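Dock chain V against chain R, hints included.
Number of protein chains: 2
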Amino acid sequence: MNFMAVTPEFVARLAAVLGDGGVSTAQSERELHARDQSHHAAHMADVVVFPTEAQQVADVLRLANEARIPVTPWGVGTGLEGNSIPVYGGVLLSLERMNRIVAVHAEDFQVTVQPGIGHKDLNQQLARTGLFFPPDPGANASVGGMLANNAAGIRTVRYGASKDNVLRMQVALADGRLIQVGSRSVKQSSGYDLLHLFVGSEGTLGVITEATLKLVPVPTNMSAVVAAFPSVQAAVETVVAVRGSGLDPAALELVDAAHCKMLREAEGVDLSDHPTVFMEFHAAQESSLEAGLSAVREICDEMGVISFRSTTDPTERKKLWHARHHSYEIMVRSHPDRRFFINDVAVPISSYPALIGYVEELKHEHQMTTYMIGHAGDGNIHVEFPYADDFEYQRALAMNKLIVIRAIELGGTATGEHGVGIGKAAYMEFEHGAALDVMRTIKAVLDPNAILNPGKIFPETVRTEH
Amino acid sequence: MNFMAVTPEFVARLAAVLGDGGVSTAQSERELHARDQSHHAAHMADVVVFPTEAQQVADVLRLANEARIPVTPWGVGTGLEGNSIPVYGGVLLSLERMNRIVAVHAEDFQVTVQPGIGHKDLNQQLARTGLFFPPDPGANASVGGMLANNAAGIRTVRYGASKDNVLRMQVALADGRLIQVGSRSVKQSSGYDLLHLFVGSEGTLGVITEATLKLVPVPTNMSAVVAAFPSVQAAVETVVAVRGSGLDPAALELVDAAHCKMLREAEGVDLSDHPTVFMEFHAAQESSLEAGLSAVREICDEMGVISFRSTTDPTERKKLWHARHHSYEIMVRSHPDRRFFINDVAVPISSYPALIGYVEELKHEHQMTTYMIGHAGDGNIHVEFPYADDFEYQRALAMNKLIVIRAIELGGTATGEHGVGIGKAAYMEFEHGAALDVMRTIKAVLDPNAILNPGKIFPETVRTEH
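Chains R and V supply the protein sequences, listed in that same order.
The working numbering runs 3 ahead of the 1-based position in the first sequence.
The working numbering runs 3 ahead of the 1-based position in the second sequence.
Isolated chain R (complex conformation) (with noise of 0.2 angstroms):
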């Protein structure tokens, strides 16, 4: 990477473009830019910028393009794999200051949003609707980094992934155009879909500017399962066969045992020290969700259910999935003296309970801690690491890798919803093999100076931290 260094006369014509209020060189600025929410190390830039519009964001890629300085798109932070930490200095996009609702297309479910916006502000501002954006990841993430790193989260399994949930984009590509890609109109056959090239390109080709989002009715009748299985297979089971009955569940999460037990330890969660089936189901009709839990009842008396709770009641939904929803902050609270390293890894459903079982072995060889949740219903788990020290830091990574090859082996990803960003490169030619050459050949051709979110994705760009 031979990239130019940010000069005054650089930031006077950032400032030119963005105005003295868009453009900082501030350290405080600067730091608090430098990290997301993964283990990655800190990196600060050497300008932070916070366009208002569009056309701003084009000039700034325009500018940076003709200057060879690298540009590093950012939406709040929020990401799990280093994907916005800016390594190559440079320029930080901020699109924090872009964060409005450009238009609600109530009757079309869609609304087309600025990139800055975060999902839950977006679905409180939608309230009045009916309407929700469902990906969810869990933190306040930006609209716009979502659609980035393709985010995912609990509901995915019924309504999608970020991917899934968009329908045309406006994009700033590296040497100042805007572009328009996909369309309103929900079916389109028109032409490349460079929609979805860009959906998950993590800032590496263009910069999001713009969205429209498909929308869904909020769900006005809900029920929720929490289940307990004598064994992780018998769990998995259970979830296959939910998937194959139709029912088409809202959500199917595994917790492991040891999660379960640190949740009770905890906070005193009333789980029992059990693989445990987080369900939930969305009905138009009351008496849907009715007949679908005696379904899934029957499914799990099947698989030798150890404890079955299950309820249709709002207040009471909330109580039995409290515990998987703040699984994470009872974590982080019990285990003050920790940090965390979250995997992220997907697989075909059939493949899970090899996957997990391998994970189980690996636990129990080097006697470590770890917690798993899991998105069963898509194959996809999160073991998460806690470790107080160096050493404990680096077995993490080791297992990580180990976790992420059989993964791979199994015919699945190396990430499942996270993105690649800095940790997930080192997988890549092993994951997709002669197709990373085509990923290299559209990137060389639609960002050939490489100023796009340098260090990121591609392995060779990476400045190696373990």
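Because the hints were derived from the structure by calculation, they are not lab data.
Given the structure is predicted, the values throughout are model-derived calculations rather than measurements.
Hints are not guaranteed to be accurate.
The list treats identical chains as interchangeable, and a pair is accepted whether it falls inside one copy or across any two copies.
[To be verified] Under the rule of at most 20 angstroms between Cα atoms (straight-line distance), these lysine to any residue pairs were calculated in the SDA-like manner:
1) K123 to A142
2) K217 to R161
3) K446 to Q183
4) K321 to D440
5) K446 to P462
6) K166 to K217
7) K446 to G360
8) K264 to M334
9) K217 to S248
10) K264 to S275
11) K123 to T464
12) K217 to A244
13) K264 to E332
14) K264 to R341
15) K166 to E305
16) K366 to P356
17) K366 to A261
Structure of chain V alone, referenced to chain R:
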């Protein structure tokens, strides 16, 4: 386009890869592969090849690329926009003999197939698993062709288009490389989404040699509704209300008054001369269906429904839907002296009444016979123009042009599900603007000699007939 001619030496090189039985220069074979089901003029290739495995496809592309000879991939020829007509001659690459199921992954609700298998044949072979591949464009299109054109059909409102039902593909590139794109893991945030770049690219970026498809459980309970309304406006508002209710229809179709009248007059189909909405619902529980139907009835009553028929009985359901399922054949049978030009545009659903109003106006103004069938739930319509001579044909082309322009003006697309092929290339600049240049850039870098399906998608490559 500066292509080279097919020489006997080149044919011999093809035969060395494919065996003598895999290569034909016979007039009969070339004629069989010269036209699809559209109105576009036939054009013969110079040689037809029949690979039986992926490596042969890759080898054919490598040879053709070295020799600068065009290659047009062919599924079964059911395209509707000339998508697989070899307008520049050269090699017609038929995938007819690559028509096997490679593996059924029943636990994962997936199947891996070769591209030449018909989707109806696939579903017949899958019947014993209780799973099916939902996209259904009507004809027994090949899966590879469906993916290449992102075909959709009646059940897309619930199950999505072809692009939403594929997880992984093997693709042969112009230079003879074979790559894997996507993953059997339903979740993947790993690098660029090349899968969706190739889906819908109509064989202009590569040739699909294998695909892993998503399957869904065959619904155990289905209901059907046929409801007639006093106006198109009322019918479309019903469609919007049904979608907004969270009822999740599996099909939501509009047949216009003219089409209903024709169906009734031609074959005594039991429909009134009013805009009619056909609906289908799928559910795991019988009771859910009943509850759903009464909710649908309420919505229809509010919209002033004239007649409402519904059923959950399978035999009765088939009878109710007969008119919709066979509307095309009945139309063709009742106009023995006509050919048909089928239009295909889609808009955001809020613009559907405006689009249909415009079509009605045009029809009235130009005194033309047209029939309209719409995948209303998706904002997609097909206006069908019967024509007897070149004057009627040219008028149909002109009307089609007006409808396409209006659809794009309404925020929609030139093609909802038939693809660009020859017929829609003229609208690409208009629909995509600067994004078309990005498509050209990607095309140029992946197929530098432009050998892959030339004359499609990009306006500058089309040999105009009109």
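Tell me, which hint numbers fail for this structure? 4, 7, 11 and 15
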